[in-house]
Structures are given as structure tokens and as C-alpha cells.
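**Student:** Chain by chain, the residues:
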Amino acid sequence: MKTKLLIASALAATALTLGAMPGNAADPLKVGFMLPATGTYAKLGKTIENGFRLFVDEQGGSLGGRAIEYVAVDSEADPSKAVDNVNKLIKQEKVDVIVGSVHSGVAMAMAKEAKASGTLMIVPNAGANAVTGPLCAPNIFRTSFSNWQPGYAAGQAMAERGVKTAVTITWKYGAGEEMVGGFKEAFTAAGGTVVKELFVPFPNVEFQALLTEIAAAKPDAVFAFFAGGGAVKFVKDYAAAGLKASIPLYGTGFLTDGTLEAQGADAEGVVTALQYADGLGTPKDQAFRAAYEKAYGASPDVYAVQAYDAAQLLGIGLAATGGSVDDKAAFAAAVEAATIDSPRGPFTISKAHNPIQDIYLREVKGKENAVIGVASKALEDPARGCRM
Amino acid sequence: MDFPIFLIQCLNAVQYGLLLFLVAAGLTLIFGIMGVINLAHGSFYMIGAYMAYALGPVVASTIGGGFLMTLVVGTVLAVIIGYILEWVFYSYLYDRDHLQQVLMTYGLILVFEELRSLIVGDDVHGVKVPDFLSGSIPLGELMTYPHYRLFVSAVCLVLVGAMFYVFTRTRLGMMIRAGSSNREMVQSLGIDITFLYRIVFAAGFALAALAGMVAAPISSVYPGMGNSVLIICFVVVVIGGIGSIKGALVAALLMGFIDTFGKVLLPEAAGVLVYLAMAVILLWKPNGLFKAG
Numbered sequence: 001m002k003t004k005l006l007i008a009s010a011l012a013a014t015a016l017t018l019g020a021m022p023g024n025a026a027d028p029l030k031v032g033f034m035l036p037a038t039g040t041y042a043k044l045g046k047t048i049e050n051g052f053r054l055f056v057d058e059q060g061g062s063l064g065g066r067a068i069e070y071v072a073v074d075s076e077a078d079p080s081k082a083v084d085n086v087n088k089l090i091k092q093e094k095v096d097v098i099v100g101s102v103h104s105g106v107a108m109a110m111a112k113e114a115k116a117s118g119t120l121m122i123v124p125n126a127g128a129n130a131v132t133g134p135l136c137a138p139n140i141f142r143t144s145f146s147n148w149q150p151g152y153a154a155g156q157a158m159a160e161r162g163v164k165t166a167v168t169i170t171w172k173y174g175a176g177e178e179m180v181g182g183f184k185e186a187f188t189a190a191g192g193t194v195v196k197e198l199f200v201p202f203p204n205v206e207f208q209a210l211l212t213e214i215a216a217a218k219p220d221a222v223f224a225f226f227a228g229g230g231a232v233k234f235v236k237d238y239a240a241a242g243l244k245a246s247i248p249l250y251g252t253g254f255l256t257d258g259t260l261e262a263q264g265a266d267a268e269g270v271v272t273a274l275q276y277a278d279g280l281g282t283p284k285d286q287a288f289r290a291a292y293e294k295a296y297g298a299s300p301d302v303y304a305v306q307a308y309d310a311a312q313l314l315g316i317g318l319a320a321t322g323g324s325v326d327d328k329a330a331f332a333a334a335v336e337a338a339t340i341d342s343p344r345g346p347f348t349i350s351k352a353h354n355p356i357q358d359i360y361l362r363e364v365k366g367k368e369n370a371v372i373g374v375a376s377k378a379l380e381d382p383a384r385g386c387r388m
Numbered sequence: 001m002d003f004p005i006f007l008i009q010c011l012n013a014v015q016y017g018l019l020l021f022l023v024a025a026g027l028t029l030i031f032g033i034m035g036v037i038n039l040a041h042g043s044f045y046m047i048g049a050y051m052a053y054a055l056g057p058v059v060a061s062t063i064g065g066g067f068l069m070t071l072v073v074g075t076v077l078a079v080i081i082g083y084i085l086e087w088v089f090y091s092y093l094y095d096r097d098h099l100q101q102v103l104m105t106y107g108l109i110l111v112f113e114e115l116r117s118l119i120v121g122d123d124v125h126g127v128k129v130p131d132f133l134s135g136s137i138p139l140g141e142l143m144t145y146p147h148y149r150l151f152v153s154a155v156c157l158v159l160v161g162a163m164f165y166v167f168t169r170t171r172l173g174m175m176i177r178a179g180s181s182n183r184e185m186v187q188s189l190g191i192d193i194t195f196l197y198r199i200v201f202a203a204g205f206a207l208a209a210l211a212g213m214v215a216a217p218i219s220s221v222y223p224g225m226g227n228s229v230l231i232i233c234f235v236v237v238v239i240g241g242i243g244s245i246k247g248a249l250v251a252a253l254l255m256g257f258i259d260t261f262g263k264v265l266l267p268e269a270a271g272v273l274v275y276l277a278m279a280v281i282l283l284w285k286p287n288g289l290f291k292a293g
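The listed protein sequences derive, respectively, from chains A and B. Mapped onto the numbering used here, the consecutive letters of the first sequence carry residue numbers 1 to 388. Mapped onto the numbering used here, the consecutive letters of the second sequence carry residue numbers 1 to 293.
Note that these hints are calculated values from the structure, not bench results. A few of these clues could be false.
[As the list claims (entries may be wrong)] Here are the computed lysine-lysine pairs in the DSBU-like style, where the Cα-Cα straight-line distance is at most 30 Å: (1) A:Lys184 to A:Lys196; (2) A:Lys172 to B:Lys128; (3) B:Lys128 to A:Lys218; (4) A:Lys112 to A:Lys88; (5) B:Lys128 to A:Lys367.
With the hints as constraints, model all of the structure from the sequences given.
**Tutor:** Following this line, the structure appears as C-alpha cells:
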């Protein structure tokens, strides 16, 4: 009985000391990466980690006066494992901030858990509208885009360039449907008509039947969203089917980002909308590109930019709270008030915590997505369903 | 749908069906005839596609010759790799139950994916269509049909013919068919079944790799590409009737039509139509459309 009491009081004492510890600003701040380290998206995961670390290293390895320490869990880009994986970070590793993910399904599962536990979360890529829509929360931020944004901007730009009728084609899954949704909203509002919406089951890449449908519909232009291997195949098939010469191909930037080497001449002239482009030529962008190339020996892309900005956002918040993540309101207020000096150009964070940013219009020239204008200036996601 | 468009869609369907057969042909041998559940079939296909990407420049600079030479070199390499794989791994699987076959071949998928990542990286790559096949024929007002797709169909038809001939008209084919129905009996007749199976497996591997190489210029090469073809290959072999080459061909064409017209006429259900068709066919004919032979 006596021993039991002794153990109990010892435990209580330990708990007290432990409980007091997180307030100590000298402890390192734990950043938990939940990014794909294996599988199709492994390369994106690595790029995002690099971009994030680059900014932290530039600040001498600490943000808001606290040294940054990293832990990583492989998200495997698998939504069914996302809840377990994110809880590893939240409950076992007790991280202060979660950074992730690439895949929208994973990000949504993470956002639900982060919303419940109150852990600070920064999304450096996944575009699911819901993350800054119905799932929005004071502790969840995004530095990339919502799927609605590049789609909407592409719709505006196409209407402006005199396109009257369009066919849309994408994979039948969340990101594709949301981008087409944004596109349709802007395009029809500007007087355009969507004559046909085509969907390919994900991740099927046999497009021939639908290319024939496009040829039969004879629209002024085509709006497409595909990514990775699917984007390469679609752009090549589109050209091989002889459609490129007669029906201009538009899309969101993912159609030609990181895929130009594989697409070759077939991508030449494809026009896309995205929050980043090659050859922006601003001093900030040039400095960022040089630093990234020096640190990792590879050219940065939009994913690296978004992750770099995720670290910037964390830095802004921590500077305002003196390095603490406990005061969520002060953190959020500082971030909402700030302008983030991104390589893509300065942007602000909306009330729903999604970037309010310029979406560029880019055209494939040689091996570059060269900027040819701004498709939509300071575009803000409507944040439908967000109550905060 | 007006008539010319309908005809073009039929062409698309046949062409896709032949491509499916090409990809599934290797699986017909290894799963259909040798009876090993080979989940790594998709990886064999991926290895082929990456060979088309990586070997092309090497072949051009050492031996000389273009795409066709790459196909020949790749196929020879594939036979060698297949032979070694059978010797080291698959030869232990024939007498094991299906669960163990699944476990080992699934493990091989992971190994091949990781090797691919280490050796070639995680980028998406394009493979150039050879110059002499880069043209296209006009079709309708706006569309053209690339020569290369017709070439793929031709390769497939040649393979169908060759496989059919070997299995039904030659002594080798007879021995293989006998071996698949009764291993011990064939052995007791003085035929070296171990060696025979090693050859069949190597041929199956080479077929999958060849399919990958031939498909590479139209599909491009990217991580995880093997997994996406694996399931449809099993569908083709199972619907066709295990062990039947004719069945696999008919099933592949059927799937080509279902997929093509499904996407156009029933886009909402396009993703499940192929599997729905499989379920219906298996309810109607549990052993597939054709019996082995």
C-alpha cells in the first residue's frame, strides 16, 4: 500500500514537471512532416521537404527564436492510413506543427484530426477545396491553392481570349471535378458555353475514345486537368490525334508542370493557369531559385515554392507569439495580417486561411512554362462552407 | 453518335483491345498455363517500359540501330532476366499454395518498384515514337490516327498468331500443355519439365517486357505504371478462361469495346463497367469464355 502511494506521488510529480515543460521557449519546436516518401508522389514529398528546410536554414535553423526539429511519417499518399499516420505525429511524437500533405484525401483526413486536436497544421500542396471550406479551422493554414482557384482563373482567361465554346476533360475524382467546377463557374459567367464535360475513371489513361468525342464536338478549345504520368500521356495523345492544330488545349498548370521533358514538342503552345511560372524574373524569385539550386542541385518547382512559403508562414506566426504555438488566436491574427513575400509574388492569407494570390497564365515555350500574363489578379477562394 | 464517329470508336475499341491483349499475353503464359498467381506481372511490364526508355540511347551508341534494335536487345535481356528469376524465385512456387505465391510475388512488386526508384528515379519520362512510324492518317475532319498505334496492333496480331501456332501446332506446345495438366506424368515420360517451365516463364517475362517496350512511346514511363495494368490483365485472363490464348484475345477485345463505349455512352459508370462485365460473365460461365486449349 505504502509503495503504491509512493509510486503514485512520484508519477504525479513527474506529470507536473512534464506539464510545465512545453511552455519553455528554449526547447526546439517539433515540425512533423507527413509527406509521401514512397510511391508515385515520392518526388513531390522530397521537394516539399527541401523547400521547407531551405527557408528554415536561411533563418539559421530557428523560427521565432526556437530551433526547429523535424520528424517525418511516410503518408504513402494513402487516405486509408492517414488517420493512423497523423495520430502518430500528434499523439506519439507530440509535434507542435504538422506539415502535409500532397494528396487531397490524405490532407482532408489530417485536417479532421488537426481540427479535433487543435494541433497547428500547414498544407503545402493538397488543393481539396474542403480544407479551407467546410473543414476550415483557426489552426489550419494552406500556402498552396484551392482546386477552385487555378480552374476559375483558366476560365476567366479563356473567355478573355475569345473562346466561346469549350469541352472539359479530367479524371473523375475530387481534384479534377473541383478544378472543372471552378473553370465552369468563371467561363459561363463570362458568356462561354461548356458543350461537353468528359470524365475518365481515375487513374485510367486510355483517352482515345474521348479524344474522338472532342473531335466530334468541335469546340473552340479544350480545358483539361491531369497530372504526372496521366498529364504526359494526355498531352501526347492529344497531339498525336491531330487535335492540337485545330483545337487549342488549355488547363490548370499541373498539365505541364514537371512533365515537359517527357512531353517534348507535343506540349509546345499549351496554355495553363497556375500560381507560379518559369521566368517570373522578380529578384525574390531569382534569389530563391539560386538558393534552392545551390542547396539541392536541382531546379525548384511550384511545390518547392509552396513549401518554402509554409515555412515563412510558420515563421511569421511564431515571431508574433514569441515562439509558442499555444496561443492559436495570436498566431492566426499575425498570419492573417501579414503579406508573405513568396517567390511567386507577394500574397496574403484569407479569413479561411487560403492564399489570396495572382494566378498566372503560362504558355509552354521550349522546356519552360513561360509566363504570358496574369489570368486572375489577387484571386480569393470563395471558401464555401467555412464557418469560423 | 453519327456513323463515321461510330466507326472511329470501333477502331479505338479494337486497338485498345489489342493493346490489352499484348499486355496480358505474358500473364496468360505464367498464370494461365503454368498456374502461378503472378502479381509481379505489372512490374515485368514496367521493367520493359523502362528498358525502352533507358536502353534506347545505350543501344544507339553501342550497337547502332533505332527502336527496333532496342526491342530486340530488350527482349533478349528480358529472356535472360526471366530465366534467372524463375531459377531463383518462381521454381519454388509450383507446389506451394496460392497464398504463398501471392505473398512472394507481391514482395517482388515492392522490390522492383524500389529498384526502379533507385536506378532511374521517380520522374515521368517520355519515349520518342520512332521516326519511321511518327506519321498519321487523317480520319474525319479534325482527327488523325497515329501510325504507331497501328504498329502496336500489328505487333499484337503477330504475337497472337505466333503463340497460337506454338501451342497448337508444335511439339514444344504439346509438351507445355501436357505439363500444365499433369506435371508428374510428363516428367515420367522423360521430359525435363523443370527446364521446360524455365523457358516458358522466360517467354512470359519477355512478352510482358515486350508489351512494356512497345507501349512505352504511347503511355510514357512513370512510377507505379505496372500496378495500373495488373488488374486489367487478370480480368482479361480470367474472363478468357485460364490457359486459353484464344479466350484471352476475345476477352481483351471485349474489354476494349466495353471500356471505349462505356466512356462515351455511360461516363458515370465507366470505371466499374469492365468489372461488372467480368462479374456477369463469370456468373454465366464460371470457368471463363473458353476452356484451356
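**Student:** Give a verdict on every hint.
**Tutor:** Status of the hints after comparison with the structure:
no. : hint                 : result
1   : A:Lys184 to A:Lys196 : holds, 11 Å
2   : A:Lys172 to B:Lys128 : holds, 29 Å
3   : B:Lys128 to A:Lys218 : holds, 28 Å
4   : A:Lys112 to A:Lys88  : holds, 15 Å
5   : B:Lys128 to A:Lys367 : holds, 16 Å
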